[in-house]
Amino acid sequence: MINYLQPEFHVDIDYDRCHKCGRCAGQCGWGVYSFVERPLPDDAKCRACHRCVTFCPAHCITIKRSDLAYRENPNWPIRARKGVWRQAASGGVLLTSMGSDAPRGSIFDALTLDACQVTNPSIDPLREPMETRTVIGKRPRALGERVPKDWAGRLTLSTPILFAPMSFGSVSLNVHKSMAMAAKRLGTFMNTGEGGLHADLYPYQDNVIVQVASGRFGVTPEYLERGAAIEIKVGQGAKPGIGGHLPGEKINAEVSTTRMIPQGTDAISPAPHHDIYSIEDLRQLIYSLKEASGYKPVGVKIAAVHNVGAIASGIVRAGADYVYLDGMNGGTGAAPAVIRDHVGIPVELALAVVDQRLRDEGIRNEASIIVAGSIKSSADLAKALALGADAVALGSATLLALGCHLCQSCHTGCCSWGLTTQKPELTRRLDPEEGAQRLVNLVSAWTHELQEILGALGVNAVESLRGSRDRLRAIGLDAQTCEILGVAPAGR
Amino acid sequence: MCGLVGICDTGGTRHSGEDVMRAMALQHDRGNGLGAGYAGHGIYPELPDHYALHLLFENRAALERTEAFIDAYYELERAEAIPTRRTDGIGKAPLLWRYFVQPNAKKLSDSGQREDDYVVYGVMHINTHFDGATVVSSGKNMGVFKGVGFPEEIGHFYRIEEYGAHTWVAHNRFPTNSQAWWGGAHPFSLLDFSLVHNGELSSYGINARYIKQFGYVCTLFTDTEVATYLFDLLVRRHGLSFEDACAALAPPLWSAIDAMEPAARERATLMRDIYGSAMLNGPFAIVLGTNSGMVAFNDRVKLRPLVAAVSGDLVAVGSEESSLLEVLNTPDYVWAPKAGEPVIARVGQPFDITTATLHTTAERSAA
Numbered sequence: 224m225i226n227y228l229q230p231e232f233h234v235d236i237d238y239d240r241c242h243k244c245g246r247c248a249g250q251c252g253w254g255v256y257s258f259v260e261r262p263l264p265d266d267a268k269c270r271a272c273h274r275c276v277t278f279c280p281a282h283c284i285t286i287k288r289s290d291l292a293y294r295e296n297p298n299w300p301i302r303a304r305k306g307v308w309r310q311a312a313s314g315g316v317l318l319t320s321m322g323s324d325a326p327r328g329s330i331f332d333a334l335t336l337d338a339c340q341v342t343n344p345s346i347d348p349l350r351e352p353m354e355t356r357t358v359i360g361k362r363p364r365a366l367g368e369r370v371p372k373d374w375a376g377r378l379t380l381s382t383p384i385l386f387a388p389m390s391f392g393s394v395s396l397n398v399h400k401s402m403a404m405a406a407k408r409l410g411t412f413m414n415t416g417e418g419g420l421h422a423d424l425y426p427y428q429d430n431v432i433v434q435v436a437s438g439r440f441g442v443t444p445e446y447l448e449r450g451a452a453i454e455i456k457v458g459q460g461a462k463p464g465i466g467g468h469l470p471g472e473k474i475n476a477e478v479s480t481t482r483m484i485p486q487g488t489d490a491i492s493p494a495p496h497h498d499i500y501s502i503e504d505l506r507q508l509i510y511s512l513k514e515a516s517g518y519k520p521v522g523v524k525i526a527a528v529h530n531v532g533a534i535a536s537g538i539v540r541a542g543a544d545y546v547y548l549d550g551m552n553g554g555t556g557a558a559p560a561v562i563r564d565h566v567g568i569p570v571e572l573a574l575a576v577v578d579q580r581l582r583d584e585g586i587r588n589e590a591s592i593i594v595a596g597s598i599k600s601s602a603d604l605a606k607a608l609a610l611g612a613d614a615v616a617l618g619s620a621t622l623l624a625l626g627c628h629l630c631q632s633c634h635t636g637c638c639s640w641g642l643t644t645q646k647p648e649l650t651r652r653l654d655p656e657e658g659a660q661r662l663v664n665l666v667s668a669w670t671h672e673l674q675e676i677l678g679a680l681g682v683n684a685v686e687s688l689r690g691s692r693d694r695l696r697a698i699g700l701d702a703q704t705c706e707i708l709g710v711a712p713a714g715r
Numbered sequence: 059m060c061g062l063v064g065i066c067d068t069g070g071t072r073h074s075g076e077d078v079m080r081a082m083a084l085q086h087d088r089g090n091g092l093g094a095g096y097a098g099h100g101i102y103p104e105l106p107d108h109y110a111l112h113l114l115f116e117n118r119a120a121l122e123r124t125e126a127f128i129d130a131y132y133e134l135e136r137a138e139a140i141p142t143r144r145t146d147g148i149g150k151a152p153l154l155w156r157y158f159v160q161p162n163a164k165k166l167s168d169s170g171q172r173e174d175d176y177v178v179y180g181v182m183h184i185n186t187h188f189d190g191a192t193v194v195s196s197g198k199n200m201g202v203f204k205g206v207g208f209p210e211e212i213g214h215f216y217r218i219e220e221y222g223a224h225t226w227v228a229h230n231r232f233p234t235n236s237q238a239w240w241g242g243a244h245p246f247s248l249l250d251f252s253l254v255h256n257g258e259l260s261s262y263g264i265n266a267r268y269i270k271q272f273g274y275v276c277t278l279f280t281d282t283e284v285a286t287y288l289f290d291l292l293v294r295r296h297g298l299s300f301e302d303a304c305a306a307l308a309p310p311l312w313s314a315i316d317a318m319e320p321a322a323r324e325r326a327t328l329m330r331d332i333y334g335s336a337m338l339n340g341p342f343a344i345v346l347g348t349n350s351g352m353v354a355f356n357d358r359v360k361l362r363p364l365v366a367a368v369s370g371d372l373v374a375v376g377s378e379e380s381s382l383l384e385v386l387n388t389p390d391y392v393w394a395p396k397a398g399e400p401v402i403a404r405v406g407q408p409f410d411i412t413t414a415t416l417h418t419t420a421e422r423s424a425a
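Protein chains in written order, with the numbering used here: chain A, 224 to 715; chain B, 59 to 425.
Wrong hints could be hidden among the right ones.
To give an idea of the interface, some chain A residues facing chain B are shown, with a C-beta separation under 8 Å as derived from the structure [as the list claims (entries may be wrong)]: (1) GLY367; (2) GLY681; (3) ARG689.
Here are the computed distance ranges between Cβ atoms for each label pair [unchecked claim]: (4) A:SER667 x B:PHE232: 38 to 44 Å; (5) B:GLU135 x A:GLN507: 53 to 59 Å; (6) A:ASP693 x B:SER167: 36 to 42 Å; (7) A:GLY585 x B:GLU135: 33 to 39 Å; (8) A:PRO493 x B:THR234: 55 to 61 Å; (9) A:TRP299 x B:THR234: 53 to 59 Å; (10) A:PRO326 x B:LEU153: 56 to 62 Å; (11) A:SER667 x B:THR277: 41 to 47 Å.
Covered by chain A, per the in silico footprint, the following chain B stretches (three or more residues, Cβ under 8 Å) [unchecked claim]: (12) 295-304; (13) 356-366.
These are calculated hints, taken from the structure and not from any lab test.
Cβ coordinates follow ideal geometry from the N, Cα and C atoms, glycine included.
Please build the complete structure, drawing on both the sequences and the hints.
The following block contains the structure:
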C-alpha cells in the first residue's frame, strides 16, 4: 500500500563543491544515496543522522527540514496527522526509539543551584580536595549496629555516574566494549542490560553490573558470579509496563551465543517477570540472586510511574540494595511511541518522592537511589544529587558520546554510526578503544564540572550535596510541584 | 565572623564566669551586638539530678501554655525567673525562666521512652507547638544564658560571674543567615550538650533532613542547631566516643583513608558510608561543652580560626590566641589544631597533649 507520508528532510548537495567520491553513499546506513557519477539522494529515506554530513570531505551536504507547507491546524498537529497516515498504511503499532520527543520540557531546567558569597567561602577545586567518591548499597543506621550478612556488599564509584543498561543485541559488541573499558578506567560501572555478558567483557567484569530481566537472556550462575552487582529489571522509563522485542535480524551468532537463544529468532522479553506477580515474589528473586551469587548487591530498576513512592518502599523492604528510577524521558532501543510519549512521570518528581518516602519510613540507609531518564549535562547530575540521588546513569548521553545523533531509529538496526546495529560493516565503525576514550572524556568532564559546582556551593564532598534540597530553587514551577520536589521558589 | 571561647578545668574545679566573660570581651569586634551567650556546666550543684529547663517566652500566653505542659508531664522541683540585672545596651528582654524538673514517673513509663528521650521529645514539643516559647537548655547541672547584645553586656545582664562551672563555652555573634533574636544566639543546647559555632554549615540542608529521620526538628532558623542535635544523636543515642563523633562530622579525606592500615581504613570507610549525610561541610569552628568536659574542632580544611592552649588543669580554646592569654597567664602549650583534629578535654583526666599536632614554631611550649 502506498504510504501517504512526505519526506521529513531534504538532502541538499552542493554539486559544485562535491568531490564525487561516493563516501556519503558508503556511510549511509539507510540507503539514501544511489551513486551514478554523483550522489543522488532519496529524501524519504533520510533519518537526519548526519553520518554523511560528518564524513563528507567537501562539506557539501546539508540536511534541511522539509519546508513543505501543511494547512495549519493547531488541533491536528503534523505529528498526529503523520501517525494516522503511517498506521493506516501499516495497521501496526508506531515504533520509535531513544527518549521521548514530546515537547514537555525538563523540570531540571526549571531548577537553579545555590552558590556561596561572603558569609561562607566558595572552594576552589583546583587548589582544594573535592571528593566525588560515591558508595552504592545498604549501610547500617549507626556505627556498631549489627547488620545481616546480605548487607555486606557495596559498590564504590569514583564519581556518581554510571553507564545505563543497554543490552548487547540492541547495541553492538563494540558499544559494550567501549563502556566496559571506560568503566574500568574511570572506576565506575557499566550495565549489561538484559542481553547477557559477552566473553570479551570478562576482563572488565569487576566493573560490570549484570542485569536479570523478564527474558532471562544469558542468565547463568556463572553470569551472576561474574558481575560486580546484579540488577533486576522490572521496567524502563521509555516503556513502563511493556516488554521488549529484539527482532531476529539483530540475533547474529555472537548475540545468539550470549543470549542463549537460536540465531535469527526474535528475542521477546515478556512485559512482567513471570515469577514476579507481587512484591513477595520480588523478595524471593532478590534473595535467590543473592544466594546464587554469594551475596552480591542486588538492585531493582523500575520505570517512574504514578505510585512510585510506595513501589520503591516495597522494593527496599524486599531487600534491594539500590533502586534504579528510570524517568519517562529515558531512552530505548525500541518502544511503541504511544507508550514512550504518554506513560510514566518525569524522573525529577519520582526521585523527590522516593527519597522523601524512604526518609519518612526511616529506611533511606537501606538502599541507594540511582536515577536515569535524560540526564543531559553535569547540571542535571548536580540537581539530581541535590534532590536526593546517590548517582545517575547515562544511556542516551553514552550513545551520543559514541556518535549517536538522536535520529530515533535504533529499532531499524541500520544505525549509520554503528551503535544500534549488528551489521558487521556498520559495527566496525566504532573502535572500542576510541569509544572508551570518548566516554572517559565525557565522564571526566562532567566530574570536573560537578567539582566546580560543589566548590561554588562551599562543600568539598559530594555527600554534602546529596539530598540537600535547600541548595535548589525553582523558577516558574507551580506551588504544588515545588512542594513535591521539596524545593522553594527562587527568591524565597 | 563570630567569636568563641571554651574553658575546661580537667581537675573539676569550678570557676566563676568572670574569666570566660573577660576572654569574650576581648573578642568584642568579632560580633556586632546581635547575639552572645554562655553555657556553664556544673553550675547547679544544689540540684544536680534535676533537668534544668531554661526557657524564654515572647509573651505571657506562651509561658502559661508551657507551664501547663511542664506541670502535666514533669515533677516540678523549683521554678524561678532567671536572675538578671538592668544593663545598658540590652533592649527589651523576653521572659526568662528556669524550671528544675524530673519526668513524671507514670507518664514516662506510659511513653515507653528512655528518660533522656522523653526530655528531648518534650523540648521538641515545646519548640514546635508553643508559639513564642523556646527551650534554651535542658540539661542537668548546666544552663545556657544568651540573648541579643555584646558578650560583656549579656554576661553582666545574666550575672554570669555569680555561677561556678568546670566547663564554660561562650559565643559572640555576627549573624549572617538569620535575623537576630534571643533564641537564635549561641550556645545551642540539648540535654547536657551546649554548642557554639563560628562559621556556616553549607551542608545544613542535608544535615537537617538527615537528623529529621531521627525525630529532631530544626526550629530555630540557624544552622548551629543541627550540629547540636547531631552530637546528641551520635554520642548519646549511637554511643560514639567524642573522637568518633568528630571523625564522623569532619571525616578524613578519602586520600587519607586510602592510606590507612586495612582495619582502620575499613572502619573509616564504613563511617563515611554511614554518616555521609551528617558530615558538617563548610567553614566552621565548633566548641561543645558537656558535663564531662569539652570538645573543639574545625572543618575538614580549617576555614575558621581555632586556637588551643593548656595551662595546668585548664584547657582553653578560642577564635583568638589573645583571648586565651587573657585568662591563662603562662600557658604550657599554645597551638592551632589541624583541620578536623579534635581537642578533647575530660573532667577527671589530665589533658593528653599527644593528641595535638604541634608542628610549627608558632605553636610553642613554655616548658
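These are the hints, each one checked on the structure:
no., hint, result
1, GLY367, "7 Å, holds"
2, GLY681, "4 Å, holds"
3, ARG689, "6 Å, holds"
4, A:SER667 x B:PHE232: 38 to 44 Å, "41 Å, holds"
5, B:GLU135 x A:GLN507: 53 to 59 Å, "58 Å, holds"
6, A:ASP693 x B:SER167: 36 to 42 Å, "39 Å, holds"
7, A:GLY585 x B:GLU135: 33 to 39 Å, "36 Å, holds"
8, A:PRO493 x B:THR234: 55 to 61 Å, "59 Å, holds"
9, A:TRP299 x B:THR234: 53 to 59 Å, "57 Å, holds"
10, A:PRO326 x B:LEU153: 56 to 62 Å, "59 Å, holds"
11, A:SER667 x B:THR277: 41 to 47 Å, "43 Å, holds"
12, 295-304, "holds (count 5)"
13, 356-366, "holds (count 3)"
Checked against the numbered hints given earlier, this structure breaks none of them.
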